[in-house]
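Following the hints, put chain P in place on chain R, whose structure we already have.
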Amino acid sequence: MGLKRYSAFAIAKEAMSYHQNWERAWRSPAPKPKYDVVIVGAGGHGLATAYYLGKNFGITNVAIIEKGWLGGGNTGRNTTIIRSNYLQDPSAAIYEKARSLYETMSQDLNYNVMFSPRGLLMLGQTEHEVRGYKRTVYANNLQGVSTEWISPEKVKELVPIINIDGPRYPVLGALYQARGGTARHDAVAWGYARACSAMGMDVIQQTEVTGVRVEGGKVQGVETSKGFIGCDKLGMVVAGHASVLADLAGFRLPIESLALQALVSEPIKPCMDVVVMANTVHGYMSQSDKGEMVIGGGTDGFNNYTQRGSFHHVEETVRALIETFPMISRLKMLRQWGGIVDMTGDRSPILSKTPVDGIFVNCGWGTGGFKAIPGSGWAMAELMARGQSPLTEEFSMYRFREGKFIDESVAAGVAH
Amino acid sequence: MLTLECPYCGVKAEETELAAGGEAHLKRYGPGSSDAEFDGYMFSRKNPKGVHFERWRHAYGCGKWFLAARDTATLEVFGTYPAQSKEPPPELQAKIKAKRPNWEGYK
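Chains as they are written, first to last, in the working numbering: chain R, 49 to 464; chain P, 898 to 1004.
Okay, chain P solo, but in the shape it has when bound:
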């Protein structure tokens, strides 16, 4: 059972209370962008086997979107952080690096 702590209301929610929202930190492209940029934003995904940053919604709780860092190969959760973050907080990145020395880092 996957459990994530909502960074807003502090509730440790298990997955039936949550809705998954796919890869986080996608750079949005709109009018004026190239086809390749828009295609990349809309469809191409990292889909890594390992450390993954993703969007979740506390659907049956406070209803807010937040972000999480999780290992897709082990289902280990590294931490959650607010949806307003442009990139994963440095302390979370350091924590992941300590646990996964071979991790290529956030990019």
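Here chain R stands alone, though its shape is the one from the complex:
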């Protein structure tokens, strides 16, 4: 089962045979009739959940079922930003766990995920935003998350292309997380898939779940386009389609699915080596290693499963960013795309047991799931293996009924 490790030595060795004999990065097995655990959704969160089930709890009789291709949903559609500067304690705990796991992920997985802790700025462009972010900085320092409030001059020093004196949205300072940054999103999914495969787990792509079999209030398995697959425990980790899957299992979630868009420009020379988020104007931007300016915007207001968003949101985002970054006004945009994000009322995720015994759900990451992938997988694996986890306690799907919101819609503004 063990896959060969990637190393400089391996590259030299494979060069001898003109790189014709590399083995596949992961196996593509046919599904077995039954597993201990089935995870639906081979995106970052699903694969990370499976990985930590194996690594932390020794549970390796696991299948990860994916209706499309691996990491082809939101994992491959986000703007790759990693940060943990959240206001509420439960959020800071899980996002900081994730951020710290990103630090060593390339070594842990033996797969280069190109984690680049280049620093991240959230601009304060109104007095209210300044007050909000200062509060977040104080909270972060109590939580053990390293962030600071920096002056407009320091912002200009870090981001020379920024215009801090805009008439409408001047930059009044910024919340700075020096160890925030970006990573290669596809590689995160690929790295986890490879590591799962190496532990003997089955990553099963092109297999759609069409039903969930529940008997006596307990999960028995899933009906799929490749037949019935039995399991003792089922993890639903399908982001935008969480409600559809929950419906198959007979319960509802406090989730609405919306389209969120992003776009990239033509590649240009290096001009900005940090991530900048401008939440007042609904835009955030970083420069990829290829030189493209990666830009993310806001969500549409209506339920949507099409992975297409409305054009006027792109227009608004770009219009606002041009004021803050005048030099991007003549850039051509190369590509624009949408992903379906699963939004909860309090803009915090759900990692929870469900009304069906043996079914666990991990969803509701909304517009900010990529940064959380390793922490989410870590916590979800503990929840599934032990029935509880200190990281997931506050993120139950029943928190709405109890009025115990983890209100991040205020803390995070709009962008993630």
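Just so you know, the hints here were simulated from the structure itself, not pulled from any lab data.
For glycine and all other residues, C-beta sits at the position ideal for the given N, C-alpha and C.
Any given hint might turn out to be false.
What the hints assert, rightly or not - Restraint-style ranges between C-beta atoms, simulated for each label pair:
1. 926/P <-> 266/R: 50 to 60 Å
2. 960/P <-> 266/R: 47 to 57 Å
3. 360/R <-> 960/P: 35 to 45 Å
4. 360/R <-> 923/P: 19 to 29 Å
5. 900/P <-> 254/R: 29 to 39 Å
6. 218/R <-> 981/P: 14 to 24 Å
7. 155/R <-> 947/P: 55 to 65 Å
8. 256/R <-> 992/P: 25 to 35 Å
9. 175/R <-> 992/P: 30 to 40 Å
10. 923/P <-> 403/R: 19 to 29 Å
Leaving out everything else, chain P in the frame of chain R:
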């Protein structure tokens, strides 16, 4: 571009003129209801992939709330109707059923 016809003023409004208001025909629960009922009304949503009944407001037009039937998987609009409707008009339901034979129906 999503275009909905306002059932009050008859204007075919595109989405920048409209504000989305979420799922329609929610049964309201108040004092005396169980936690589960209130939770269901406040937070749980159908969020279907397919036929969806939802609330809209003609925000930059006549300002009135109305309801619409739309397919969330294709963005096809089946029709709009007044906000005072307790359930989707029968002719609209028949139209949807004709276009979507596998639709489970309004419930």
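Against the structure, the hints come out as follows:
The given range of 50 to 60 Å is broken by residue 926/P and residue 266/R, whose C-beta atoms sit roughly 30 Å from each other. The hinted window of 47 to 57 Å between residue 960/P and residue 266/R holds, with their beta carbons roughly 51 Å apart. For the pair residue 360/R and residue 960/P, the beta carbons lie near 20 Å from each other, so the given range of 35 to 45 Å is not met. Separated by about 28 Å at the C-beta atoms, residue 360/R and residue 923/P satisfy the suggested range of 19 to 29 Å.
One distance hint, 29 to 39 Å for the beta-carbon pair residue 900/P and residue 254/R, holds here, with the actual separation near 36 Å. Checking the proposed 14 to 24 Å range against residue 218/R and residue 981/P shows it is violated: the Cβ atoms sit about 47 Å from each other. A beta carbon spacing of about 45 Å between residue 155/R and residue 947/P contradicts the range 55 to 65 Å that was offered as a hint. The given range of 25 to 35 Å is respected by residue 256/R and residue 992/P, whose C-beta atoms sit roughly 29 Å from each other.
Distance hint check for residue 175/R and residue 992/P: the Cβ-Cβ separation is about 51 Å, which falls outside the suggested range of 30 to 40 Å. Between residue 923/P and residue 403/R the Cβ separation comes to about 20 Å, which falls inside the hinted range of 19 to 29 Å.
In the structure shown, a violation is registered for the earlier hints numbered 1, 3, 6, 7, 9, in ascending order.
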